[in-house]
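Engineer: The letter at position 151 of the sequence shown is residue 152 when you use our numbering, and the numbering goes up by one with no holes.
Fair warning: there could be bad hints in the mix.
[What the hints assert, rightly or not] Below 27 Å or equal to it, Euclidean Cα-Cα: the simulated DSS-like pairs (lysine-lysine) are:
1) LYS130 <-> LYS64
2) LYS190 <-> LYS251
3) LYS190 <-> LYS18
4) LYS190 <-> LYS64
5) LYS251 <-> LYS18
[As the list claims (entries may be wrong)] What follows is a list of derived Cβ distance ranges for each label pair:
6) VAL43 <-> TRP77: 15 to 21 Å
7) ASN118 <-> GLY223: 18 to 24 Å
8) THR23 <-> GLU193: 43 to 49 Å
These are computed hints drawn from the structure, not numbers from a lab. If you're wondering where the values come from, they're calculated on a predicted model, not measured in any experiment. Note that beta-carbon positions come from the ideal geometry of N, C-alpha and C, so glycine has one too.
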Amino acid sequence: MRELVFLKLGGSLITDKESPQTAREGVIRRAALEIREALDVVQDLRLLLGHGSGSFGHDPARKYGVQEGLLEADDWWGYAETAVVAARLNQLVADLLLAQGIPVFSSQPSASALCHNGQLVHLEVAPLKEALRRRLVPVVYGDVSFDRVRGTAIISTEQIFAYLSPHLNPRRVILAGEVEGVFTRDPLKDSEARLLREISASDFGEVERMLTGSHGIDVTGGMLAKVRTMCQLVEAQPGVTVRFISGEQKGLIKSALIDDAVQEGTLLHG
2 MRELVFLKLG
12 GSLITDKESP
22 QTAREGVIRR
32 AALEIREALD
42 VVQDLRLLLG
52 HGSGSFGHDP
62 ARKYGVQEGL
72 LEADDWWGYA
82 ETAVVAARLN
92 QLVADLLLAQ
102 GIPVFSSQPS
112 ASALCHNGQL
122 VHLEVAPLKE
132 ALRRRLVPVV
142 YGDVSFDRVR
152 GTAIISTEQI
162 FAYLSPHLNP
172 RRVILAGEVE
182 GVFTRDPLKD
192 SEARLLREIS
202 ASDFGEVERM
212 LTGSHGIDVT
222 GGMLAKVRTM
232 CQLVEAQPGV
242 TVRFISGEQK
252 GLIKSALIDD
262 AVQEGTLLHG
């Protein structure tokens, strides 16, 4: 059976966080080239790609409070705007992947996703299975979702990966972001931040205390949620490993796809 790998290109990696709806096209092109080269080297590799929305989806989602839920009719403009800009980034990513000869199949999560109080409870899987069977490369992304309780929710790529994992059975998950891996604090703001080379899902409580720091806030700008969701994934799917790496390091995405023994970044396991 050919190996299936889930790879995410983080929103902070592929967009400029300081400038709304601004893609880092050079970074995306380089990542696409590395993915193409990895597929050429490991010809039986199956790949499902995901990417964050970064400065595209996060700005309107925050502005309109989409994550907290929208129940009034007048509020749904924010849902629509967030969905449109997230899809806009996805189209750009898909175009750049296709330009490198990668046969992408872009799948809009919000077209079939349903949440219950913020938890993803349904996503159509059959088209993704068929795409993989046809040797296409499905691309999913962080998006909006209808929510039975709140009205609306935001679903992250990590949530999508966790939902898809028992249906598609990946062997590995790779999360490529702007920093080297999981740190005890935000390395972009704190010089004393320390890289965690390995995390066991059973140790999540201890990791959570480090990531939230002494002030009880998520100092890593979303890393805590990513680690929590990936811990849930590896606990539900024994044998799957997750590696957090820097997508800024040239050649590392390619190396991580080719060699599961690559040592860079943070390894998370069950």
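Engineer: Hints first: check each against the structure and report whether it holds.
Structural biologist: Results for each hint:
no.	hint	in the structure
1	LYS130 <-> LYS64	violated (35 Å)
2	LYS190 <-> LYS251	holds (23 Å)
3	LYS190 <-> LYS18	holds (15 Å)
4	LYS190 <-> LYS64	holds (24 Å)
5	LYS251 <-> LYS18	holds (20 Å)
6	VAL43 <-> TRP77: 15 to 21 Å	violated (44 Å)
7	ASN118 <-> GLY223: 18 to 24 Å	holds (19 Å)
8	THR23 <-> GLU193: 43 to 49 Å	violated (31 Å)
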